[in-house]
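With the sequences and hints as input, model every part of the structure.
So the protein sequences, as listed, match chains A and B. Numbering follows the working numbering, in which position 88 of the first sequence is assigned residue number 68; successive positions increment by one, without gaps. For the working numbering, count along the second sequence from 1 and bump the result up by 20.
Capping the alpha-carbon separation at 16 Å, the derived lysine to aspartate or glutamate pairs in EDC-like fashion look like this:
1. A:K(-7) / A:D103
2. A:K65 / A:D97
3. A:K(-8) / A:D24
4. A:K(-7) / A:D100
5. A:K65 / A:E88
6. A:K65 / A:E22
7. A:K42 / B:D102
8. A:K49 / A:E13
9. A:K42 / B:E92
10. A:K39 / A:D81
11. A:K38 / B:D93
12. A:K49 / A:E10
13. A:K39 / B:D91
14. A:K39 / B:D93
15. B:K32 / A:D31
16. A:K(-7) / A:D62
17. A:K70 / A:D31
18. A:K39 / B:E92
19. B:K69 / B:D44
20. A:K42 / B:D93
21. A:K65 / A:D24
22. A:K42 / B:D91
23. B:K32 / B:E52
24. A:K39 / A:D82
25. A:K(-7) / A:D97
26. A:K70 / A:E91
27. A:K(-8) / A:D103
28. A:K49 / B:E52
29. A:K42 / B:E52
Distance windows between CB atoms, simulated:
30. B:E31 / A:L16: 21 to 27 Å
31. B:V116 / A:Q102: 43 to 49 Å
32. A:D62 / B:N113: 49 to 55 Å
33. B:N33 / A:P53: 31 to 37 Å
34. A:G40 / B:G45: 32 to 38 Å
35. A:M60 / B:S60: 34 to 40 Å
36. B:E31 / A:D24: 28 to 34 Å
37. B:E36 / A:Q102: 33 to 39 Å
Here are some of the chain B residues that sit facing chain A, going by a computed Cβ distance under 8 Å:
38. D53
39. Y56
40. K59
Derived from the structure by calculation, the hints contain no laboratory data. Keep in mind the model is a prediction, meaning the values are calculated, not measured. Note that CB positions come from ideal geometry on N, CA and C, so glycine has one too.
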Amino acid sequence: MEDEMMEGGVVKKFMYVNRKAPYGTIYALESLEVVLIAAAFEQDVSLIFMDDGVFQIKKGQKTDGVDMKNFSPTYRALEMYDIEKLYVCKESLEARGMSEDDLIVDVEVLERAALQDLMDEQDVVFSF
Amino acid sequence: MLHIVNKSPFEKNSLEQAISNSKDGSAILLIEDAVYAAKSSSSVAEMVKGALGQKTVHVLGPDFNARGFADEDVLEGVTIVDYSGFVDLVENNGTVQSWV
Chain A
-19 MEDEMMEGGV
-9 VKKFMYVNRK
1 APYGTIYALE
11 SLEVVLIAAA
21 FEQDVSLIFM
31 DDGVFQIKKG
41 QKTDGVDMKN
51 FSPTYRALEM
61 YDIEKLYVCK
71 ESLEARGMSE
81 DDLIVDVEVL
91 ERAALQDLMD
101 EQDVVFSF
Chain B
21 MLHIVNKSPF
31 EKNSLEQAIS
41 NSKDGSAILL
51 IEDAVYAAKS
61 SSSVAEMVKG
71 ALGQKTVHVL
81 GPDFNARGFA
91 DEDVLEGVTI
101 VDYSGFVDLV
111 ENNGTVQSWV
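Dropping the structure here:
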């Protein structure tokens, strides 16, 4: 295992499941930090945004009034780290009165059943 | 009386509890992740509309805007307040209860 790692030949499937709204808690920002770490190790990374996590990638965030950093532009930079597998839960969007047009990044919108299959085929799943 | 809610209505039932446990004539203020309840369309909009008949509902504008919603995205009947409006609500409504 260690030898394989040393050779740099091991690529695992890492999935990050984002279920929290941004700003109210630190989960969304922390997840983003960990995602960038995985990217640095050139792993096979995918992200799911479901439940309140869909709010993380809502267009038009303006945080001047709350004295917090608007970290939503960072999601657009993920592409530069070859993180292009972004999935969004269709049912979560609908419950929140949102559509794909409300999102700041290109994503694949999937139903819960399809997301379950995606989670099932991962080596590692991180929950935030 | 002023009831302050700061949790997402999609994740916790704090807002539902605040609505059911507050007297008619009360004011409800949505801050932090509770501002999602002030959107004009969502699965919780009906619950908020139902409260509007008997209570006033307010949303903290800076928290609403931070989360990607413009003032025109607010549910009809919900008032947008700034920080000084928050202070006015506290001053004018007597006792404050936070539904954390």
